[in-house]
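Chains as they are written, first to last, in the numbering used here: chain A, 3 to 140; chain B, 2 to 150.
Calculated from the structure, these hints are not laboratory results. Idealized CB from N, CA, C, for every residue including glycine. Fair warning: there could be bad hints in the mix.
Computed from the model, here is a short list of chain A residues facing chain B with C-beta under 7 Å [to be verified]: (1) Leu14; (2) Gln134; (3) Leu136.
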Amino acid sequence: MFSSLDVSTSALVAQRVRLNAIAGNLANMSTTHNEAGEAEPYQARFTVFEADSSLPGGAPGVKVSSVGVSDAEPRWKYDPGHPDAMKEGPHQGYVAYPNIDMTTEFVDALEATRAYEANIGVIEVTKSLAAQTLKIVA
Amino acid sequence: MLDSMFQSTTIPVLEQVMRFSQARHNVLAGNIANLDTPGYKSQDLSPEKFAQRLKAAIVARDEFSSTPKEPLEAGDASSASEQRVQFAAANPLSDVADGLDDILYHDESTGSLEKQVSAIAKNQMQHNLAVSVLSSQFRLLQAAISERA
């Protein structure tokens, strides 16, 4: 019974990583430069979960297999005076902004929060089961 | 006399389990306190290694108590106290929880709060189990002494 705590803990860790990725996406909604300072719009990050059967106790846990970078098209905004505006090509005079939809990210954050709380609820149930079991002895 | 009365029960074993879980709780609480310290590597006491050492100590204790010993002479005070000292020194259970330093290891994952908290919860469950079984053992002894259930 103690090992079912490990399964719920793996879910807590994975949902927290997902929430961090969402927080990064929302923070960088208007970022037009990457870490090296070059003009490149921020691409949204997303997490990929995979089932993890290496935990004892029978039930598979979850682990983050990778944090991927989405390859969606950037959002073009016409602003010829901007220093990052494209100089030539079909998007001349347009600035490339990240294509991050605030509503979608917020709903994903809500889902991650509820999943986190649900796993904490399972941990509480496990703890109270263990306490009830000890009542047989005491 | 009290020593030998307790040695035949599970009370010394449970006492070692309780001391281990208290020591582990202190280490894990230190991890949580240092979550924001830069460069801090979280530590833990390994419960698997502790279980192995406890098992080996129980086997050693059973072998010791099953070898026949000479009966004590009534007027021979010095040899009685010598035998008591020998028995205490040979009791392997008394120093299982004393040398916990060599099962302290550095957990390579850098301090995730959820993992520390769940380790503390599991440790607490083990501690509560040891306490409950210990108190029921004492109640058994008391029933035997007072001859009342």
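Violations among the numbered hints: 2
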